[in-house]
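Engineer: In case you want the letters, here they are:
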Amino acid sequence: MAGRASLIAIALILAALFGVAFANSSSPGDFGITLLSGLFQGMLLFLVASGLSIVFGLMDVLNLAQGSYFMVGAYVAYDAQHAGGVIDLTSVLPDPNLRFIGAVLAAIAVGALLGYLLERGLLRPLYSRPIFQLVLTFGVSLVALELVKFIWTTTPYSWTELFGVRESFFELFGQRFSTYRLFVVGMGIALIVAIGLLLQRSRIGIIIRAGVEDREMVQALGINVRAVFTLVFTLGCAIAAFGGAVAAPFLGASTTLGNIFLLQAIAVVVLGGMGSYSGTAVGSVLVGLAIAVAQDTAIGTAFAALPSITPMLLLVLVLLVRPSGLFGKS
Amino acid sequence: MSSILEVRDIHTFIGQFHILEGVSVSVTTGGITVLLGRNGAGKTTTLRSIIGLTPPARGSIHFDGKPIQGRQSHNIAQLGIGYVPEHRAIFRSLSVRENLQLAERRSGDFARKADFIFDLFPDLKRLIELPGGNLSGGQQQMLAVARALVPENRLLLIDEPSEGLAPVIIEQLIAAIQRLSSQVSVLLVEQNFRVASKLAQSYVIIDEGHSVAAGAMADLVQDKALIQRYLGVA
Ligand SMILES: Nc1ncnc2c1ncn2[C@@H]1O[C@H](COP(=O)(O)OP(=O)(O)O)[C@@H](O)[C@H]1O
Ligand SMILES: [Mg+2]
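Residue numbers (our numbering), protein chains in the order written: chain Y, -8 to 321; chain G, 3 to 236.
Note that these hints are calculated values from the structure, not bench results.
Each residue gets a CB set at the ideal place from its N, CA and C atoms; glycine is no exception.
Mixed in with the good hints, there may be bad ones.
[Stated by the list, open to error] Footprint (simulated), chain G over chain Y, 3 or more residues, beta carbon under 8 Å: (1) -5 to 8; (2) 207 to 214.
[To be verified] Chain G is nowhere near these chain Y residues, computed Cβ spacing over 12 Å in every case: (3) L89; (4) T145; (5) F161; (6) A218.
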C-alpha cells in the first residue's frame, strides 16, 4: 500500500498539473477540455498498462508486445467499422453504432486469440529464462508490426465513419465536450473498479495475488498456475486490444501506435510501482493528465516534443523521490 | 503395515548439482515418520521432490500404491498431499482467511474444516482478517499447518515447523500435530531431536544426499552412536 510519502507525492504532482493547466487555460471550459483529454489518455494507457503490470507481477514477464496488441486492436476495429478491408461488416450491421460494438468485440476476440497463442505457443517453454522472454516478446512485436504493414499497408488510417456517440457533444461552461471521450473515461473507470474487485474478491484474484508472492507454493497447494498464467496473459492482451479499438475513433490506426503506447505504459508501470495494481491505475491517470497538460503547454511554442517526453520526465521525477515507484515495496 | 508413501532410491538435480543421490523413505499409513539429518543433508529437497517442485530424475515415488513421480506439482497435491514448507511460507499480503481459502480444492472445503482447524489453532479465529505478514512467527507456522488441513489431505509433508519458535509455541504445535496425526499420515522434517522423538514412530536419516538409516524411533533413541555420527547431538 502507498505510504504517506507516496500520497504526498501524488497530491503534489496533481497540484502542479492542475496549476499549469489552470495557468494555460483562458476559461473553466478550457480547463475542463484539458482535464477530459488527460483522463481519456489516462484510460487508454491503463488499458495497456494493466495487462503489462499484472502479467509482470505474476509471471515476471515484461511483455514488450503489449503495445502491439493495442495497435492490432485499433486496426481490427478500424477495418471492421469501415467498408472494404479484411472484415466487412457493413452489410451485416448497417447501423454504424451497432457496427462499432461489433468492431470492438472483433478487436477483443483477435487480441485474446493472439495473446493465447503467444503464451501457449512461445512463452510457455521459456518460463525459466526471463531474458529469452524479453527478446521473444520484442521479436513478436516486430513481427506483428510487419504483419500489420503487410495486411493494412503503412499508410495511417484516420477514422472517417461517423456514428452517434463519436459525433455527439455536450456543453458545459460554454465549451463543447466530446461525449465519446466521456464515455471512454467512464468505461475506463468502470474497468479499473471491476478488475480491482476481481483481484480483491474472486478466487482467481486471490490466486493471482498469491502467485505474485510465491508461485511455487500456489502450485504445491494443488492449483494449476500455468493455466492461470494463460488466462491472465490472454485477458491482458484482450484488454490492450480493447484499448486500441476504443482509441481508434480518435487516434485512427497507424503503425506507430504500438511503440508509443508501450513506452508510455512501461513508464506508468514503473512509476506506479512494479506489480502494484493500484499503482498502475493511479500512474495511468497521472501520466494521462501530464501528457494532456504538456500538449496544451506545447501549442504554439518550440517545445513540440514536450508531450512525448513527458511520461519519462514524470517517471524520473517520481523515481528520484520514491525509487520503487509510488506504490512499490521498497 | 501398509505404507501411504514409498520413495525408492530417488536422485534429484538442482541445475547441474546432484543433490539427492539415492534417498528412500517409507511413511506408514496413519503414522508420523521423521526425516533427520544435518543442515544441507537434503531433507527439504526430499520433500520438494515428493511434491514435484524439484522432480527427481531417477527412482520412484508411490502414493497410495500409485506412481506419482513425473507428474506436475498441482496434480500431485490434488491426490491428497499437503505441503507445509520451511520458513513459514504463508502468503504475507493475503489475509488469514484468504490463505485458508486459497488452499481449497473443492468449494466449501474451508467451511467444512473450519471447526476442526479453529479447535486445533484457536488463535487463528480472531486473526482471520489480518494479513498473514502481520502474524507472529508462531502464528504464521500455525497458519501454514492449518492451510494444509483445509482440503482432504491424506499425507502432510511438514518441513521444520519448530524452527525459530519459542518453547511454549513448540509445545502447542507438538500437541496439534499429535492430534491431527490421528486423521492424516505425516512426513516431518525436524532438527529438534526432542521434538522429533516425541512425535514420530519411525525415522529416516539423510546424510549428504543419501538415506543412510531408517527404523523405529524407539530404537534410535537408544542408539547414541548412530545419533552422534549423523546428527551430532547426544
Ligand atoms: N537452489 C539450489 N541451488 C543449488 N544448491 C542447492 C539449492 N537448494 C539446495 N541446494 C543444496 O542442496 C543441499 C540440500 O539442501 P536442503 O535439501 O535444503 O537441505 P536440508 O533441508 O537438509 O537442510 C544443500 O547442500 C544445499 O546447498
Ligand atoms: Mg531444509
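Engineer: Against this structure, judge whether each hint is valid.
Structural biologist: Verification of the supplied hints:
Residues of the segment -5 to 8 of chain Y with a Cβ under 8 Å from some Cβ of chain G number 0, which does not satisfy the need for three, so the listed coverage is violated. Counting residues of the segment 207 to 214 of chain Y whose beta carbon lies closer than 8 Å to any beta carbon of chain G gives 8, which reaches the threshold of three, so the coverage claim holds. Residue placement check: L89/Y keeps its beta carbon more than 12 Å from all beta carbons of chain G (closest about 39 Å). No Cβ of chain G approaches the Cβ of T145/Y within 12 Å, the least distance being about 45 Å, so the stated non-interface status holds.
Chain G leaves F161/Y outside its interface by the beta-carbon criterion, the shortest separation being 42 Å against a cut-off of 12 Å. The Cβ of A218/Y does not lie farther than 12 Å from every Cβ of chain G; its closest approach is about 9 Å, which violates its non-interface assignment.
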